[in-house]
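Asker: The lines below spell out each chain.
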Amino acid sequence: MWLRDCWYVIAWDHEVPAASDPAIFTRTVLSEPIVVYRKEDGGLVAMEDRCCHRHAPLSKGRKEGDCIRCGYHGLKFDPQGACVEAPGIPIIPAKARVKTYPVVIKNKWVFVWMGEQEKADHSLLPANGWCDDPEWRYLPGYMRYEVPWLLIADNLLDFSHLSYVHEKTLGGSPRIALAVPDITPLEGPGPEGLRIVRKVPDVPPSSLHKKVRTFDGNVDRWFNYDFVLPGTLLMYSGGRPSEDVDGDMRRAVQLTSCQTLTPETDTSTHYFFQNAHQSTDGDDSVTQAIYQALVDAFHEDVDMISAQFRTIQLDPARPMLPLAIDAGVVRFRRLLERKLAAERAGPARQAA
Amino acid sequence: MWLRDCWYVIAWDHEVPAASDPAIFTRTVLSEPIVVYRKEDGGLVAMEDRCCHRHAPLSKGRKEGDCIRCGYHGLKFDPQGACVEAPGIPIIPAKARVKTYPVVIKNKWVFVWMGEQEKADHSLLPANGWCDDPEWRYLPGYMRYEVPWLLIADNLLDFSHLSYVHEKTLGGSPRIALAVPDITPLEGPGPEGLRIVRKVPDVPPSSLHKKVRTFDGNVDRWFNYDFVLPGTLLMYSGGRPSEDVDGDMRRAVQLTSCQTLTPETDTSTHYFFQNAHQSTDGDDSVTQAIYQALVDAFHEDVDMISAQFRTIQLDPARPMLPLAIDAGVVRFRRLLERKLAAERAGPARQAA
Amino acid sequence: MWLRDCWYVIAWDHEVPAASDPAIFTRTVLSEPIVVYRKEDGGLVAMEDRCCHRHAPLSKGRKEGDCIRCGYHGLKFDPQGACVEAPGIPIIPAKARVKTYPVVIKNKWVFVWMGEQEKADHSLLPANGWCDDPEWRYLPGYMRYEVPWLLIADNLLDFSHLSYVHEKTLGGSPRIALAVPDITPLEGPGPEGLRIVRKVPDVPPSSLHKKVRTFDGNVDRWFNYDFVLPGTLLMYSGGRPSEDVDGDMRRAVQLTSCQTLTPETDTSTHYFFQNAHQSTDGDDSVTQAIYQALVDAFHEDVDMISAQFRTIQLDPARPMLPLAIDAGVVRFRRLLERKLAAERAGPARQAA
Numbered sequence: 001m002w003l004r005d006c007w008y009v010i011a012w013d014h015e016v017p018a019a020s021d022p023a024i025f026t027r028t029v030l031s032e033p034i035v036v037y038r039k040e041d042g043g044l045v046a047m048e049d050r051c052c053h054r055h056a057p058l059s060k061g062r063k064e065g066d067c068i069r070c071g072y073h074g075l076k077f078d079p080q081g082a083c084v085e086a087p088g089i090p091i092i093p094a095k096a097r098v099k100t101y102p103v104v105i106k107n108k109w110v111f112v113w114m115g116e117q118e119k120a121d122h123s124l125l126p127a128n129g130w131c132d133d134p135e136w137r138y139l140p141g142y143m144r145y146e147v148p149w150l151l152i153a154d155n156l157l158d159f160s161h162l163s164y165v166h167e168k169t170l171g172g173s174p175r176i177a178l179a180v181p182d183i184t185p186l187e188g189p190g191p192e193g194l195r196i197v198r199k200v201p202d203v204p205p206s207s208l209h210k211k212v213r214t215f216d217g218n219v220d221r222w223f224n225y226d227f228v229l230p231g232t233l234l235m236y237s238g239g240r241p242s243e244d245v246d247g248d249m250r251r252a253v254q255l256t257s258c259q260t261l262t263p264e265t266d267t268s269t270h271y272f273f274q275n276a277h278q279s280t281d282g283d284d285s286v287t288q289a290i291y292q293a294l295v296d297a298f299h300e301d302v303d304m305i306s307a308q309f310r311t312i313q314l315d316p317a318r319p320m321l322p323l324a325i326d327a328g329v330v331r332f333r334r335l336l337e338r339k340l341a342a343e344r345a346g347p348a349r350q351a352a
Numbered sequence: 001m002w003l004r005d006c007w008y009v010i011a012w013d014h015e016v017p018a019a020s021d022p023a024i025f026t027r028t029v030l031s032e033p034i035v036v037y038r039k040e041d042g043g044l045v046a047m048e049d050r051c052c053h054r055h056a057p058l059s060k061g062r063k064e065g066d067c068i069r070c071g072y073h074g075l076k077f078d079p080q081g082a083c084v085e086a087p088g089i090p091i092i093p094a095k096a097r098v099k100t101y102p103v104v105i106k107n108k109w110v111f112v113w114m115g116e117q118e119k120a121d122h123s124l125l126p127a128n129g130w131c132d133d134p135e136w137r138y139l140p141g142y143m144r145y146e147v148p149w150l151l152i153a154d155n156l157l158d159f160s161h162l163s164y165v166h167e168k169t170l171g172g173s174p175r176i177a178l179a180v181p182d183i184t185p186l187e188g189p190g191p192e193g194l195r196i197v198r199k200v201p202d203v204p205p206s207s208l209h210k211k212v213r214t215f216d217g218n219v220d221r222w223f224n225y226d227f228v229l230p231g232t233l234l235m236y237s238g239g240r241p242s243e244d245v246d247g248d249m250r251r252a253v254q255l256t257s258c259q260t261l262t263p264e265t266d267t268s269t270h271y272f273f274q275n276a277h278q279s280t281d282g283d284d285s286v287t288q289a290i291y292q293a294l295v296d297a298f299h300e301d302v303d304m305i306s307a308q309f310r311t312i313q314l315d316p317a318r319p320m321l322p323l324a325i326d327a328g329v330v331r332f333r334r335l336l337e338r339k340l341a342a343e344r345a346g347p348a349r350q351a352a
Numbered sequence: 001m002w003l004r005d006c007w008y009v010i011a012w013d014h015e016v017p018a019a020s021d022p023a024i025f026t027r028t029v030l031s032e033p034i035v036v037y038r039k040e041d042g043g044l045v046a047m048e049d050r051c052c053h054r055h056a057p058l059s060k061g062r063k064e065g066d067c068i069r070c071g072y073h074g075l076k077f078d079p080q081g082a083c084v085e086a087p088g089i090p091i092i093p094a095k096a097r098v099k100t101y102p103v104v105i106k107n108k109w110v111f112v113w114m115g116e117q118e119k120a121d122h123s124l125l126p127a128n129g130w131c132d133d134p135e136w137r138y139l140p141g142y143m144r145y146e147v148p149w150l151l152i153a154d155n156l157l158d159f160s161h162l163s164y165v166h167e168k169t170l171g172g173s174p175r176i177a178l179a180v181p182d183i184t185p186l187e188g189p190g191p192e193g194l195r196i197v198r199k200v201p202d203v204p205p206s207s208l209h210k211k212v213r214t215f216d217g218n219v220d221r222w223f224n225y226d227f228v229l230p231g232t233l234l235m236y237s238g239g240r241p242s243e244d245v246d247g248d249m250r251r252a253v254q255l256t257s258c259q260t261l262t263p264e265t266d267t268s269t270h271y272f273f274q275n276a277h278q279s280t281d282g283d284d285s286v287t288q289a290i291y292q293a294l295v296d297a298f299h300e301d302v303d304m305i306s307a308q309f310r311t312i313q314l315d316p317a318r319p320m321l322p323l324a325i326d327a328g329v330v331r332f333r334r335l336l337e338r339k340l341a342a343e344r345a346g347p348a349r350q351a352a
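Protein chains in written order, with my numbering: chain A, 1 to 352; chain B, 1 to 352; chain C, 1 to 352.
Hint data in this document are derived by calculation from the structure and do not stem from the laboratory. Since the structure is predicted, the reported quantities are computational estimates derived from the model, not experimental observations. Any given hint could be a false lead.
Copies of one chain are not kept apart here, so a pair can be met inside one copy or by any two copies together.
As the list claims (entries may be wrong) - Computed list of lysine-lysine pairs in DSSO-like fashion (alpha-carbon distance at most 30 Å, straight line):
no.	residue 1	residue 2
1	Lys95	Lys210
2	Lys39	Lys119
3	Lys39	Lys199
4	Lys76	Lys95
5	Lys339	Lys39
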């Protein structure tokens, strides 16, 4: 089950072609194929990629001004999803409509609202300001996983895996796993979620830190992040020479990261991510090096989580064993269950 | 559900090897694998490609005269499907039989009857005479689709798609979609179906026409076809300079086409087709050019219908929206439903 | 359904790396992924390849002495499957255990017991002594089939297929299929099964025989084998010039073979095999030639049985037709059903 009354990232801003470009962007979210295109005034349209007539994908058709025409039998839809032309049909039935989605760009991420249109609530957009802040530099990343999104969320909710999955990349020390994070609920405004703060003193700098600065000795590391519904991680992390006095950030490496999960189908997931360094800390080559180090580390996650999923599929009913380190995982899943139950109950029942 | 009491094309005549050729032809129809081979007298045998013993495919065995021997344990079957030799078995049980199918060649198409043998009715064979008429020249075509057969039948029952799917090939004008076809039932003799007549005045000649003749201006086009059970299209089409007086066919391009759909499985389909020009209209190079133009256009259909099927599979229960242009589609599906219901009821119940 | 209270071969001895080798061997048996590794004292450990925590495969982790550490969150398990370290967790719950399996090496085969541990019974190991006897030489073989294991067992239980599937390799004469084998039950001690003796007089020598010796004329061949639960063939076979007097083995080729089937999943199977010649009969080149001839012949089986399985899948409910030649097949399946029923009933019910 997926939460519907929330915003999912469907694309990076730059992935959606210009209005003048004939290419049509399409991506599947919660098993619904969706085209996203730009109107001539720059506004965005998100529309189901399925003609209402015989379910041909509209992305096989063409844009005509602000409209889109199906490439099978030529039905033409306006940005509100209404059929405005149907070749060979004198009177177009009112039911000839394609579903549209509330769509918004915020800080380079293109979000679609998958619930009822009238509930679309901008206050539920995540605070992904680091994606669009000149103080921070990054390269935008995208990967597609062939696993259910919750297995990746689990991964992001417990950074103890950095000591093992990323032993030679992001991790570098078993002490990350030994540090007990502080977890508190985020109850809004904004999307609900968890705030997770993990401090790891006196460990080697990570591969990302070393792209920015040379360290002679160990550093104190921190990973302070919010993980908010439906599946977005917003992190401030970094490292500072352990020998420096508290509060002295002159030799610190400070990083920010925005990462978000969007279910494609029951068994596949879109993953949008960036990891930014301070603009004052180096040039394009640093930005590129951090991006590449992150992608390399994420391939370690793909390898582990894909193997985990294959094992799970051999015996899907087998229960997992929750441990103390799963506090974040368990609390997030509980929050998700509560929100799912509320959606199932619906507003009428809630009022009753 | 498939109609069973009818003839399905399993092969072009030339696909079935000669009696002297050790190769064994096999193809799956309605999820039943079937071998077709020639006897020494030239007669055809169609037999399930499944040994009755342990279900090994007979096509992995060998022909021995008019018989076929299984390559697993050596059981040998005569053209009636009776086991006539079973190595190591003194008395062959009467149940040791493989199912055979009524099989007939008519105008280069090899048909199998998939219903009860005693019902096999030659009057239900389609009138595919253009496949074997010296007045017409063509190259035989075959494609395999990874989609349910009905999606391809829908495509053939509504030529409005020529304006869009085949915009740059067979179509060339939105006016094909604007023309309202005249549709009348075909109630026999012969297989039931629909007669669909679509006249399209004053449009550019199609890519096929231009393989045959040079046109200076627009043409009047026509597509007159019967679409008969279980899934055969028999078409007379062409184009004539719009400026020529009615009835003057001297500068017309006249084409005929026979196309037929045979379900392989629930999700795959055999497609046999040809498109012929008049023998007096050009040589081998024209025949080849028309064949290639048709194949190119059919790949446009494959691309669209495969994409449609992928979209449908994301939400198979979603209803389509019938429009006025679907008159042929809707009427053919209704005819099919009626015949399927009659088969399910059976002769006993019909009599009762 | 699979028999669980028995030993399945999971590997050849040489496939399991040395204790000092960081590589971890993993293979799936009865849909359970299992790692096998050597302790520093040389003893073997077989453990489910699934961390109890979040089901990551342990084979993605690393060996640490006699323990294995999960590569996801760092849980460490001892050879008994108990979690002895869990980073970040002060008190390890008693439930933090991974399933282990009784494991034993006997004559180069590594066996795991898939039933309840306390029932593990060494008397049920097969008599595969030919795998580890200096009088016999062979190369060890392994293949993976994409078919259910019973279809391969059926193949091994009826050598009449040698005349057809292996006509040009192991067979060479229809007389193998004509010979009626003598079949008697094996009721223990040792695993239950069937003893199948097939004598084939006056036929050409097989491809294997000819790797060992040159024959001028026909030979008398024999195939004497036990096929025991869960799926192991132990065979003494060979050929002797037909003209030689009874009992004169001076010009005989004598071969032994051990072959065993281990279900991987419902639709895939591990196949371990060897075919040995007498050490006094030739050198490495003979051993290699026999191995290659066997592998070539087994690819004929793969081709036939895979085709058979594809045909079965088109109509899985269709019953097969048992014939007299299936005596071995039918009796073995009956034995298997009886043992499966006994397992289902369980010891308590049996006592009641």
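Asker: When the hints from earlier in the document are held up against this structure, which numbers fail?
Answerer: Violated: hints 1, 3, 5.
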